[in-house]
Structure formats: structure tokens, C-alpha cells
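A.B. asks: Model the placement of chains A, D and G on the given structure of chain U, informed by the hints.
4 protein chains.
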Amino acid sequence: MDKLEQIKAQLQKFADDRDWDQFHSPKNLSMALSVEASELVECFQWLTEAQSQNLSPEQLSAVKDEMADVQIYLLRLATKLNVNMLEAVNQKIEKNALKYPADKVKGSAKKYNWYEQISEQDDSKS
Amino acid sequence: MDKLEQIKAQLQKFADDRDWDQFHSPKNLSMALSVEASELVECFQWLTEAQSQNLSPEQLSAVKDEMADVQIYLLRLATKLNVNMLEAVNQKIEKNALKYPADKVKGSAKKYNWYEQISEQDDSKS
Amino acid sequence: MDKLEQIKAQLQKFADDRDWDQFHSPKNLSMALSVEASELVECFQWLTEAQSQNLSPEQLSAVKDEMADVQIYLLRLATKLNVNMLEAVNQKIEKNALKYPADKVKGSAKKYNWYEQISEQDDSKS
Amino acid sequence: MDKLEQIKAQLQKFADDRDWDQFHSPKNLSMALSVEASELVECFQWLTEAQSQNLSPEQLSAVKDEMADVQIYLLRLATKLNVNMLEAVNQKIEKNALKYPADKVKGSAKKYNWYEQISEQDDSKS
Numbered sequence: 001m002d003k004l005e006q007i008k009a010q011l012q013k014f015a016d017d018r019d020w021d022q023f024h025s026p027k028n029l030s031m032a033l034s035v036e037a038s039e040l041v042e043c044f045q046w047l048t049e050a051q052s053q054n055l056s057p058e059q060l061s062a063v064k065d066e067m068a069d070v071q072i073y074l075l076r077l078a079t080k081l082n083v084n085m086l087e088a089v090n091q092k093i094e095k096n097a098l099k100y101p102a103d104k105v106k107g108s109a110k111k112y113n114w115y116e117q118i119s120e121q122d123d124s125k126s
Numbered sequence: 001m002d003k004l005e006q007i008k009a010q011l012q013k014f015a016d017d018r019d020w021d022q023f024h025s026p027k028n029l030s031m032a033l034s035v036e037a038s039e040l041v042e043c044f045q046w047l048t049e050a051q052s053q054n055l056s057p058e059q060l061s062a063v064k065d066e067m068a069d070v071q072i073y074l075l076r077l078a079t080k081l082n083v084n085m086l087e088a089v090n091q092k093i094e095k096n097a098l099k100y101p102a103d104k105v106k107g108s109a110k111k112y113n114w115y116e117q118i119s120e121q122d123d124s125k126s
Numbered sequence: 001m002d003k004l005e006q007i008k009a010q011l012q013k014f015a016d017d018r019d020w021d022q023f024h025s026p027k028n029l030s031m032a033l034s035v036e037a038s039e040l041v042e043c044f045q046w047l048t049e050a051q052s053q054n055l056s057p058e059q060l061s062a063v064k065d066e067m068a069d070v071q072i073y074l075l076r077l078a079t080k081l082n083v084n085m086l087e088a089v090n091q092k093i094e095k096n097a098l099k100y101p102a103d104k105v106k107g108s109a110k111k112y113n114w115y116e117q118i119s120e121q122d123d124s125k126s
Numbered sequence: 001m002d003k004l005e006q007i008k009a010q011l012q013k014f015a016d017d018r019d020w021d022q023f024h025s026p027k028n029l030s031m032a033l034s035v036e037a038s039e040l041v042e043c044f045q046w047l048t049e050a051q052s053q054n055l056s057p058e059q060l061s062a063v064k065d066e067m068a069d070v071q072i073y074l075l076r077l078a079t080k081l082n083v084n085m086l087e088a089v090n091q092k093i094e095k096n097a098l099k100y101p102a103d104k105v106k107g108s109a110k111k112y113n114w115y116e117q118i119s120e121q122d123d124s125k126s
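Chains as they are written, first to last, in this note's numbering: chain U, 1 to 126; chain A, 1 to 126; chain D, 1 to 126; chain G, 1 to 126.
Chain U with its partners taken away, still in its complex shape (with noise of 0.2 angstroms):
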């Protein structure tokens, strides 16, 4: 995808610039993304969902900062480990329609959760 593989070319260079490249382990960029995600998280722990709908300007501003920062190291790692993020997007929506066919899981609330549980309890994680 063009517009992404040029983000990635953007990224690696600015990691260079800086001779940060030494830091960007795939251990350490996974780090870095999860503190990334929380940071996103932070954004939300106090609001209501009702509130999570209704973010004032500011909100959103530090919102959007966030979930960039997060899409900047994913990335990143998937520079590092030569991933194609929309190609492993494609497949795992494929999964993900197996794993939960919709005529099985639609209605209530309840079956989503239930549904969660039991593929969890299938998924390898090797």
C-alpha cells in the first residue's frame, strides 16, 4: 500500500536521523506500542461510555495523538519484521468470520461475550 509504505520509509528515516534504530528491538517496539495503547486508554478511564461518545475538541485532540502514536509503532514493527498490515488485516477478518459466523452469534449481549471466551480458549498462540 503506498501511502502506508511511504509512512514506513518516513519513520525509518527519522529513526535514523536520530540513531534510535538501535532501540527498535521488535521486544522493545511491542513495549513501546502497549504503553501507547494505555496512553489511549488514560484518554477514556474516567469517561462514561456515554462521555467516550461525546469527546470535547481538546479530548479528540489527545485522543487522535494517541491512536497515531500507536499506528506509528505498529509500523514500525511491521518495517522490522517485514509484515504487510493490510494483507495480515485481510486474513485475520477471514478468521474472525469463521471463528464467529454471524448467524451463530447475532442477538443478545450475552452471546458476544460467551462467544469471546470460547475462541479463546481455541486460539494457538504459537
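Hints listed in this document are in silico derivations from the structure and should not be mistaken for laboratory results.
No copy labels: a pair is met if it fits in one copy or bridges any two.
Pairs of lysine to aspartate or glutamate, EDC-like flavour, derived with a Cα cap of 16 angstroms:
(1) 99 / 65
(2) 92 / 65
(3) 80 / 49
(4) 80 / 21
C.D. replies: Same frame as chain U, now just chains A, D and G:
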């Protein structure tokens, strides 16, 4: 960005087909995203940095799936908050370039940590 | 603290018996702890705040397990870094009392977020 | 456990004095806890495992504060859900001993990862 917008539409349909949109408040989506970010960390938690650079095919496959999960929730959140991810990323890269001028931060490992820390103190969280 | 020290000793033996201490660098332990903290978040991600106040026995059992996992890794890290958790907690409660004087922050919901935010700006991360 | 119960009471008063209890649903507390766990990860993200074993006084001080924050939110959650942390930890240590019998898992690094993975597949998330 065409491909990203396509995926966002696909993900919205996926949620609608299963009547899951009701759970997708920004607050909840931020939680789900952080959970996937941690499943990505989990792939690396007992590996050395060197091992993280040399993943087996099974390890890489698991990592790809978690990266895709993070990307998927990020795009769901972007849909809900009407955020253009590429725009947000470009704005953040600009901010980062100002915060970490290459000529100032290039050099020893120590400076990276030090700059991370003084920048954290200046970050506006609102 | 007797009981906590007993548990810390138990956990050290558990790791030694399995030759797992080699993986327990503070860096790795922080990762493992954050993973468990996210497994705790996962228990709540699709629940409303009200539902989270009324967990079923199975839900509560799962939550207890994740809380225990977080406590376990926190105690492992405390062992490795020679940190007295009760001392650290008491010091932090004092710091928090100074940062959030009751007479200043008591009142509307809005103030909590605002105080969280201005305090984040002052926090020294080093 | 006397000292822990004392701290839990102290933390409840702290929240009541500031009228903050309204924000302390278990859902929200799990989010706040995970945010602090990530602030702990952040202390280590650019350090090598070896560096994480040799923290400077300032680094150790920052780490202690984040560890305390995690402990504080864990105790708030324990109060809200009426969970006895020492009991929960002891039960989990027993479960772990059954899941990872020392004679089976002791040995090479590889086994630790492998056992982590097969155990994840068996874990009931409900």
C-alpha cells in the same frame, strides 16, 4: 486512503451483521485495543531482544495476528471518532520532529531516554 | 510484612524449581505484569460499568485469577528490585495527598479529569 | 491481612474525601490499573535486560512509584469486589503448580515458552 476506508467499511459491516456495534463505544474499543496490544507484548515477554529479531514461522504468524488485531480495533475507533489515521499520523510525525530535533538528540543511548523523559513532562494530556 | 515476604519467598522457589529465574529480568517482569493487567481489562471490556459491579460467580472467579496474576508479578518484581511494597505504597499515598488536596479537588466530575491532566504534566518521569 | 486492610481503608477514605468513588467502577479501575502497569513498562522499554538489572537511583525511584500505583489500584479493585488478595494469590500459586509441574517444565528456555503456550490454550477465560 482507499484501502483503509474499504477495510473500515468491511469492519463496520462485520459488526452490524453480528449486532455487535452496541459494544463499540470508544471507551470499550480503547480497552479492546489495549488488550490486543498486550497479546502482542506476550509474544515477546520471555524472548531476548536478539530472539525477537529471529522469530520462527509460528512465532511470526502469532505476532502478525496480534498486529492485525491492534490495527483492526484502531480502525474501528477511527470510524467511531471520524479520525483519518493517515492525517493523524502525519501530524504526529511533524510534532515529533519538533520535539526531537535530529541534531539535538542524535548520539548516545542515554540521550534518547533523557529526551523521552523531558518530553513526557511537557506533553499536554488534554 | 510477614505474609508478603512469605509469598515472595514461595514465588522465588517456584521459579528456581523450574529454572525460570533466567527469564525474570525486571524488563521482562514488567512486560508479564502488563499482560496480566490487560487480561484483567479483558474481563470488563464489553461490560457496562453497572454490569462490572454485578459479576456472576464465573466472571468474578476469572477476575480474581487475573488480579492474583498481577499481584504475583508485582511481588516478583519487588523481589528483583528489592522494593518494599507497603513502604512504596505509603510513600505514594502521601505524594498523592499533596498532589490532590481534598479541599481543592472535591466536587464535580470535571475537576477529577482536569486535576489528573494538570498533574500528568507536572509528573517527573525520571 | 492487617496491613493490607489498613491500606484499603486508607484508600477508600482518600477517594471519599475527594468524592471520587463515583468513578471507581470495577471496569474503570481495571483500566486505571492497566495504565499504571504500562507506565511501569515505559520505564524499561528502551533499556536492555541487563540495564534493567542495574537501575540508577532516579530510575528505581520512578519504577517504585509506578509499582505503588499498580498496587494501589489493585487494592481499590479488591475493595470493590470484596477480594482477599492473599487468598487469591495462594489459590493461583496452587493452580500454577499443577499447570507447570517442576519435573515437567524444568530445563531449556524453549520449554517455558512452549508450556506458556499450551497452557494458554487450556485457560478458561470465564
